[in-house]
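Colleague: The whole structure should be built from the sequences, with the hints applied where relevant.
Now for the letters of each chain:
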Amino acid sequence: MTKITVNGREIDADPKKPLIAACHENGIDVPMYCYHPGLRPVGSCRICQVEVKQGDAPARVVASCRTPVAEGMVVNTDSPKAHDVRRECLEFLLKNHPLDCPICDKAGECDLQDYSFAEGQTKGRTHEPRRKLEKRKSLGDVIVLDEERCILCSRCVRFFEDVTKKPQLTVADLGSRSVISTFLDKPLKGNYQGNIADICPVGALTLTRFRFQARVWNLSKHLSTCAECSRGCSVTAEVLRGGDTKRFRPRFNPKVNQWWMCDTGRFAFSHVNAADRAVALRRTAEGLEACDLDAALSAAANTLRGKSNVAVVLSPFSTNEEAAAAKALAARLGAKTCFVSPAPNALKDDFLHTGDPCPNRRGLTDLGFAGLAAADVAGALAGAGAVVLAGERVVELLGAERVAALTGTRAVLFDTHCVDAPALDACIGVPVHVEKDGHWTNVEGRAGRLTIARSAPRGVRALDLNLKRLSELVSPAGAKA
Amino acid sequence: MVIVRRKELSLRERLYLPEIARGLSITFRKLFEKPITRQYPEEPLPKNEVTRGQPRLVVKDDGNIACVSCGMCEIACPAYAITIDGGETDRPIEREPKKFEIDMLRCILCGFCEEACPKDAIFMSDELELADYSRAALIYDLEKLKRPKSALQKRIDYVYRLNNRWRKSSSTS
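If you're matching them up, the sequences are chains A and B in order.
Per this note's numbering, the first sequence starts with residue 214, numbered consecutively.
Per this note's numbering, the second sequence starts with residue 16, numbered consecutively.
Just so you know, these hints were derived from the structure itself, not from any lab.
All clues stand as given, with none of them false.
Derived pair list, reagent style DMTMM-like, types lysine to aspartate or glutamate, alpha-carbon separation capped at 20 Å:
1) A:459 to B:111
2) A:336 to A:297
3) A:345 to B:105
Which chain B residues stay away from chain A? Per the calculated CB distances, all over 10 Å, these:
4) 119
5) 147
6) 148
Where is the CB? At the ideal position from N, CA and C, for every residue including glycine.
Modeller: In structure tokens:
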């Protein structure tokens, strides 16, 4: 560790990291656009300049992202000289940047906006017209580039060079005509394009699927875990006014996904935003009818009570807490347990995506659940006396037609949506993964936390609570089934 | 404490009839004067640009709405009356509201939205009457809020005059 002094405070700095990282890690704010802790520093925006005094030499203003820390360095981030230099850099950055924050999608989470506001630059001194460039340049299916807003920090260029190691973008042309461009204007490829919209410090790169959908200050942000593969990337679920999940964004986790996530996970909200959720239904003479939760649970208990050869089938999206409750229920019923395990998909790559669409395979396996393919599960269910299907998307993964074709057995379903199956005696709604608290264990055995980003539909209770209640109803505490 | 002593009546006042005649003379005189009572619903109140009525959205002369759904009024609104959902357009101004709702039952006509708007898209009109048979009908949507710029021009000019101290030119293109 190297000892340096920043703003009169002595701090221990990692000699392998640039000066700006030492400042940020110690809570000293230095503005940055082109610097990103996950990317190689280039020092193109010059906004991170600070005053540095080393030895007897007079103090110099240097870009802190390109300056390695050195023993005995005296840094002042707040000196009038540093502020002056930064303000001039900002003026140049704003020379061609359109000031249409009311329209821009980045407004509210834009570094340029924040720092312009902090520095109070209300007027530019330039008289020349701003650059007129393409406002909606499509870079493939995921990203739209607004060339006018771009400040050429080259974070996106370096992301493809440093992180995915497959360079796709470059700064084309020279001088004031520079623009970000793909090679030969080909569309971007790969499963990690969305990250460049996250790291873009201004509103130049936007996601086609989030563009102009919501103002960022209207989104409530909740920590969550990605459901798309067993990597379990830490994400933030962003919910608009307690309703739809508008986007998932990666959350820094040094052990799992660092700053990144794949596009499959980023846009995986069609299921969590699905409408017409089931709450509680039970079978009557006329078929499945809506009822209250207690009635549906007692109908479920009636189905299971006294049955032998029961099977409990979990969804791979079940949390460890839900799996523990299901295991307790299975123990009371003397039931077999397993979870539906969809086949690995072709999305596997050497970066984040594991190709395994079960986010909690490790957790469920550790709790003693065996992962079976949908066809094998259906085969096992055929001879069962009664079946409990539990967890979000369990019907979808098992195949609705397989559930509908169940004969010779009675079934209880806990899922977000009901299915029209003659074997079904009760269907009870479950929260989707952005509506529940719990943990998934990822492929490396690290727990990923889920928190309640929005409330479940009225009447829907957490699956583990419902399973606990069901086991009490099936065999009251004390009595062994 | 002030002690008010009852006034001693004069002889003329104590005679009663002359005072009755005087009072009635005023009554009859007023009968033939122009009445000052206003027949309100039939005869609307006089309005001017200072009248701060219900907020309305400006439709520019080219037929497009001036609002870019930036959400400033939504945030400024102290009564949480405004809900906006934006969307993309093909016009040079890339953003427009897909849903713009003002709950008129919540709106307190404070004018903060007008003040917050960076695009001169929302102004307090001179429309004041608000009555309907259901609450849902009083949540005004985009179609109910749109007004041509000419209908709001007096208020726009007034706001500009008022703000001229710190705002020099229009930001609406």
